[in-house]
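There are 4 protein chains.
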Amino acid sequence: MNHPDAPARRLLLNCDMGESFGPWTMGMDEQVMPLVDMANVACGFHASDPVTMTRTVALAKAAGTRIGAHPSYPDLAGFGRRSMQCSHDEIVALVQYQTGALAGICQSRGMALSYVKPHGALYNDMMRDPAVLRAVLAGVAGYDRTLPLMVLASADNRQVEEIAAEAGVTLMFEAFADRAYGSDGLLLPRSEPGAVYSNPASILAQSLSLAHDGVVSARDGSLMKLMPDTLCVHGDNPASVAVIQQIRTALDQLYGES
Amino acid sequence: MNHPDAPARRLLLNCDMGESFGPWTMGMDEQVMPLVDMANVACGFHASDPVTMTRTVALAKAAGTRIGAHPSYPDLAGFGRRSMQCSHDEIVALVQYQTGALAGICQSRGMALSYVKPHGALYNDMMRDPAVLRAVLAGVAGYDRTLPLMVLASADNRQVEEIAAEAGVTLMFEAFADRAYGSDGLLLPRSEPGAVYSNPASILAQSLSLAHDGVVSARDGSLMKLMPDTLCVHGDNPASVAVIQQIRTALDQLYGES
Amino acid sequence: MNHPDAPARRLLLNCDMGESFGPWTMGMDEQVMPLVDMANVACGFHASDPVTMTRTVALAKAAGTRIGAHPSYPDLAGFGRRSMQCSHDEIVALVQYQTGALAGICQSRGMALSYVKPHGALYNDMMRDPAVLRAVLAGVAGYDRTLPLMVLASADNRQVEEIAAEAGVTLMFEAFADRAYGSDGLLLPRSEPGAVYSNPASILAQSLSLAHDGVVSARDGSLMKLMPDTLCVHGDNPASVAVIQQIRTALDQLYGES
Amino acid sequence: MNHPDAPARRLLLNCDMGESFGPWTMGMDEQVMPLVDMANVACGFHASDPVTMTRTVALAKAAGTRIGAHPSYPDLAGFGRRSMQCSHDEIVALVQYQTGALAGICQSRGMALSYVKPHGALYNDMMRDPAVLRAVLAGVAGYDRTLPLMVLASADNRQVEEIAAEAGVTLMFEAFADRAYGSDGLLLPRSEPGAVYSNPASILAQSLSLAHDGVVSARDGSLMKLMPDTLCVHGDNPASVAVIQQIRTALDQLYGES
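Protein sequence lines, in the order shown, are assigned to chains A, F, Y and D. Counting in the working numbering, the first sequence runs from 819 upward without gaps. Counting in the working numbering, the second sequence runs from 819 upward without gaps. Counting in the working numbering, the third sequence runs from 819 upward without gaps. Counting in the working numbering, the fourth sequence runs from 819 upward without gaps.
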């Protein structure tokens, strides 16, 4: 039963998962998986490998966490963070290849994919270049038109919504718990001082503001209505896992769950 | 309608396809695709890439050719021909990753996978090492127990059949049109002189003997009953494509098709 | 002995070589190697592998052709033709890694490197973005300040020359035998119709004009003085190899060699 | 000045270094580098990338540690621990490529390579298969006959010494600080219980026994004279770094250094 004051919209937590590769470990997936609602699972192009994907899907299954494909440009050494000048057809095909590969691993564990969220530079390129967004959407739509695509919530999502509607793909909007926003409703670039919050109190406050009212305070103090469907959190070290735990507890209280 | 003398069993032609990679072309897929019944499509680990796979699946769809996943050890520079000491879990996962990736590309073109045939060293290892065979079967069974696994037909298939039965996976047996067989019912190693036929007449004769009677002549003249479901052909150059065309024509006549 | 009318400057032919990879063949290196003065040898990031590099260096040694490192962004599937957003340090390191790798193969055959020429998108990025040029130069200068860097000759090379002088690196300028030039002295983009010559007569004419006078005719008929040190030719098929043979013969006559 | 009781032979410490890859960290190189005499630096085939290699070489330079090339089979996801069926020519070429690549990075920092030590499965294959050893030696000899090759010291090194003599390559012999030896003078396989020591006291005791007398106690209590030139240590976590520090201090005392 929901808490009487609970907001109609329930903010889901999503987190990048399965970003280990071969002998190298990244993230604290075992700790984080039970705390989040949605796991963005790397598909082998910026991180992960078939064995790691298998292990990650098993963790998600055990925790009851939804699985999303987290496709990337093909760039392991650069962790998918370097923009690559890929053609429309290349982007369509790399989305479908990676999504299918993860779906194959999921199917082998009796699981199914719930959504697609591009990773790193592909995500950034998609948000600033309509041609890249169209290619990602064509990839998703061709693969399975019922899979939603996760994109960045901004103060005005109309252009993105129009392009997605043309492709017949549903969107999920995400906001960030630990990133500062400019007054234009966009994320401040990581290079700016203060763009990434490390202070747990700030991360928690922004999360709660988004959960309660769908709102963030921009750097200049103005309030921005983002109304996200989901909140992206990061859990690379014990401190950040502790913050996710706090956000989880706060959301559970808000939504009347124990 | 079948030809009155047509054998009950219909021998299908299979061929490795989609083995180009990035800017490099291999095979004459456009010419070969309409001549064969089954395309073993590379999945990106020994050859191919997402765009090439998309193109290959489109060719198969246009030709009405069935598509099989052709997974390999992860070894592009070695074309999957170098045996790698992979663990059970690694083989399971690489089969499921590659099969899923190709299935994703197929699904995006309204196609579905019909079977799995391991490539190169993984195929050879599977035929000589029951542990590798069990891992491949576990990969296929976990992914989709209704997908048959293609294996090498030999004079005595009982061990392979028992292991497959344990995994609950159906087998398809294949013979080779252009390889010499030893009196033990196995392929002569490629290193032996005469192990690979280049003479079109020999290739055609062996194909027809297998189609009519399910039989090959071993090197020592003895006849061996292989009763394959499918015949593997190769089409890398104009001469070998011409041989496939001759085999196709002969089989169509045999089965009463024009 | 030089021909009495021979120009003081001797135009050297350079060609991209060793662009096969694993089982895939590209180029007609055996035919082309004896015809050119300089082989730009792929180093494993956009093409080639250690065995192919070994074979290519042996061909160059047998033909008496100078060897240059041809480093690239790390992008085999894209053949190094996709621009990647690499940092200064990443470009420095990838130039030094690839140059060293090829130097290692050369040293093992008693050969040495003579120059460096970046490949594909790295070459293009270097010509239009001074930050990329500085990174490439820092890579070369750190590795061996006496190795010249090959760059594109344009009507006005002053900016490039200044940046190279700061790094203490010598430049070699190249022109293209088979590309159309705009009136700004730059190559027409490949996407424009007529940007790449396929007509042997045009390729030969542009080569001879550059050899005799250091000049090309731009599309609008204006003449541009490029004064290149070397001419880039391509030999992917029998027709283009025949053109290289014609250019070779013409240059040998011009320089009084038989 | 050497301690009066110092052994004539000075045991050098070697450690695998630079095994991070892209965004993934492995090892505690900054802590370990000043404690060891020789750094076996990964060359990009089982770990590392050009930027990581640059950073590792800078660490070695700052610490005055000798640098050795640590080439591997091409297998990032498997960390070079999976045996691959490579041909003689493939092994020669991959040794020379990787050694050259690291030498290129070294040269760019005013450093030079001091030795070669194969990694993982290539090392194990070399010790049990004379054909692989011959290929590795041919790679080193072709590249630079004055670079020593590091191999495993056993109770009887004659076969290895004969093969190295044929190739004209000098050997360095290493023993392991943290591995149990069988009575045959070989390392116990990792799969056997107790094969890898985790107890700091055992690691220190074996190190000191090797430093003082060149001897290890086999599992059955028998003593074996290995007389190694160098001792391989591992520093993946704070505890193992502390053990290296203890070994370093003990060796420094033994050799009369402070």
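I should point out that these hints are in silico values taken from the structure, not numbers from a laboratory. These figures come from a predicted structure and were not determined experimentally. Glycine residues also receive a C-beta, built at the ideal position from the N, C-alpha and C atoms. A hint or two may mislead.
What the hints assert, rightly or not - These stretches of chain Y come out as covered by chain D in the derived footprint (C-beta under 8 Å, 3 or more residues):
id : region
1  : 904-915
2  : 960-969
As the list claims (entries may be wrong) - In silico negatives: residues of chain D with every beta carbon more than 10 Å from chain F:
id : residue
3  : Ala-876
4  : Pro-892
5  : Glu-908
6  : Glu-1010
7  : Ser-1027
Distal placement of Glu-908 of chain D relative to chain F, Cβ over 10 Å: violated, 8 Å
Status of the stated non-contact between Glu-1010 of chain D and chain F (beta carbon gap over 10 Å): holds, 18 Å
Minimum Cβ-Cβ distance from Ala-876 of chain D to chain F exceeds 10 Å: Holds: least Cβ distance 30 Å, greater than 10 Å.
Chain D over the region 960-969 of chain Y, status - at least 3 residues with CB closer than 8 Å: holds (count 3)
Given as non-interface: Ser-1027 of chain D, partner chain F, CB spacing beyond 10 Å: With a cut-off of 10 Å, Ser-1027 of chain D remains clear of chain F, as the shortest Cβ separation is near 33 Å.
Coverage assertion for the region 904-915 of chain Y with respect to chain D, Cβ distance below 8 Å, three residues required: holds (count 7)
Status of the stated non-contact between Pro-892 of chain D and chain F (beta carbon gap over 10 Å): violated, 6 Å
Hints 4 and 5 from the list above are not met by this structure, while the remaining hints are.
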